[in-house]
Amino acid sequence: MSDTVSNKTDERVKEMSSFRRALIRPELGGIVGTIAVFVFFLAIASDSGMFSSQGVLNWSVVSAQFMIIAVGACLLMIAGEFDLSVGSMIGFAGMLIAIFGVTLGWPMWIAILLTFAICIAIGALNGIICIRTGLPSFIVTLAFLFILRGFTIFLPQTIERKTIIGGIREAAEGDWLGAVFGGKILTGTFRWLGEIGVIEVFERGNRAGEPVVDGIPMLIVWALGLVIFGHVLLTKTRFGNWIFAAGGDAEAARNSGVPVNRVKILMFMFTAFCATVFATCQVMEFGSAGADRGLLKEFEAIIAVVIGGALLTGGYGSVLGAALGALIFGVVQQGLFFAGVESSLFRVFLGVILLGAVILNTYIRRMITGER
Amino acid sequence: MNTRTEHAPIIEMRNIEKHFGAVIALAGVSFDVYPGECHCLLGDNGAGKSTFIKTMSGVHKPTKGEIIFNGKPMHFENPRDAMEAGIATVHQHLAMIPLMSVSRNFFMGNEPVKKVLGINFFDREHADRVTMEAMRKMGINLRGPDQAVGTLSGGERQTVAISRAVHFGAKVLILDEPTSALGVRQTSNVLATIDKVRKEGVAVVFITHNVRHALAVGDRFTVLNRGQTLGTAQRGQITPEELQDLMAGGQELATLEGSLGGTV
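Protein sequence lines correspond, in order, to chains A and B. Heads up: the first sequence is residues 1 to 372, going by this note's numbering. Heads up: the second sequence is residues 1 to 264, going by this note's numbering.
Derived from the structure by calculation, the hints contain no laboratory data. In this text the structure is predicted, and so the values were computed from the model without any measurement. Quick reminder that beta carbons are idealized off the backbone N, C-alpha and C, glycines included. Some hints here could point you the wrong way.
If you anchor each label on the Cβ, the simulated ranges turn out as follows [stated by the list, open to error]:
id	chain 1	residue 1	chain 2	residue 2	range
1	A	S46	B	V116	39 to 47 Å
2	A	T163	B	D146	27 to 35 Å
3	A	I35	B	R212	56 to 64 Å
4	A	G150	B	S180	48 to 56 Å
5	A	M367	B	T63	48 to 56 Å
6	A	N261	B	M74	26 to 34 Å
7	A	Y363	B	G28	53 to 61 Å
With the hints as extra help, turn the sequences into a complete structure.
Laid out in structure tokens, this is it:
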């Protein structure tokens, strides 16, 4: 047997330079984009307060919001499916929390847990319909985009005769689960940082002497936690391999014994979970739920994922890339504001960077699969 | 020449019949294969080869007839049952995912895990090592275990699929036209792989309609025509011409051959 083993390399396989090898990774677009965006804003907006502690917190929070929904959208896209109902799900989940917690006056933790259960069940329903009917998830979740948005407007109007329900902050006062989504951590550390002069403190007013940034919002903690969870799940577990396989070629994966249907349905549920986390953090922060919350978020999530190097056709992508995509998104959106640029240009930027990312991704995929 | 006289067949199909409504796809086919043997199943399009191997791999249940696996009668309810018993099918397509690395493909559905802090993690190191080892054995030099399957040639992909099936304990390996879409060089690689696998004691069922590919590696040859066995021949007892005639049902090809000057 061993005499047939040859160790010489195939002369037709060109040695790959380490540079080219480094290029072939899904996060490339995200890394390049992040560097470019930071260089750009350091150059034009460094004196605008964008990189003061308050400024950093500002764009970090916005980026973290994008990250939370991007993680779900990323794993789902790699598994080969879309969810266009994310934005409506955000509005719907926030409204449910308000109805349960404020209108019905139930304890906030019950309202939150019940909302999570309902939304994850709707995510599962999305997945089951896609799997059972074989219809593209694009259409099925587009239907849910309208269904959920409709209910988000209908429910508060019928119950309260208005489309915004307030009073959530008061209702969540002292609630343990409310604090998990709306609280802040490391407040002591930030107070100390303010005292030793690392970050600015308020000079006047009733908060004089307190640091301008008094802690890290739980929203950011959730975002980082979900990114780490998603990344580990995707790259370090067998379930992660199934996600890639389900999106790469469902039929081949089934032939190899991968439970493709279960993987896809679970990813729909995870996407719904992420949307609900977003919604809960948002209503805790604003103190109200509005019928128009989460508009267009599904597309922003998908754009962040694509900037992060995932293929729209599934089977390839990276959670870290998606997180960088979300960071680019947040930094640019807030950075243009700091730089005093007309905010409508943000959409122009969005379109341009989306196009650039898709073209780059296609090129990288060709390098990976050796297509020409 | 062959080793089959020493032991019993690993799988024996007796008088298999399969009807789809009014259509009789298989009308009593008998077939067996011994460990370490390559039994070629030949037949023209529509001869019933696909139906027959699908019966063997648990996709179809036979209308009549018995399947005896390892000396015991077997009833496969689904392909999973057959797979667990050690019957692996390598399809020409739908086996590999181009965007995934060779090692991720190799262990797809059978990922090794290691526990860290009580959580099961995909043991990539183990997977990479085993994959490189298995590929070297089959004569494929990878740039690394993270090389995407998409960069491999069709023949190499077949080889990866075959060595994957063998690694996960296939006792019977059904190869569904593994060479039909390949070039000359790639075909010879796949045939060499079949030879290596056979020498490890795996029973190989090699489906093809190319007589030359069959003769290159086959120990026995069974020809199917219109859902029936036209006979089984030992290696060395049959010429390529006879085999070809059998496959085409004899006469038609003989006349065709005349007009083509014996080039088919």
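Against the structure, the hints:
no. : hint                          : verdict
1   : A:S46 <-> B:V116: 39 to 47 Å  : holds (43 Å)
2   : A:T163 <-> B:D146: 27 to 35 Å : violated (52 Å)
3   : A:I35 <-> B:R212: 56 to 64 Å  : holds (58 Å)
4   : A:G150 <-> B:S180: 48 to 56 Å : holds (53 Å)
5   : A:M367 <-> B:T63: 48 to 56 Å  : holds (51 Å)
6   : A:N261 <-> B:M74: 26 to 34 Å  : holds (27 Å)
7   : A:Y363 <-> B:G28: 53 to 61 Å  : holds (56 Å)
Of the numbered hints given earlier, the model fails hint 2 alone.
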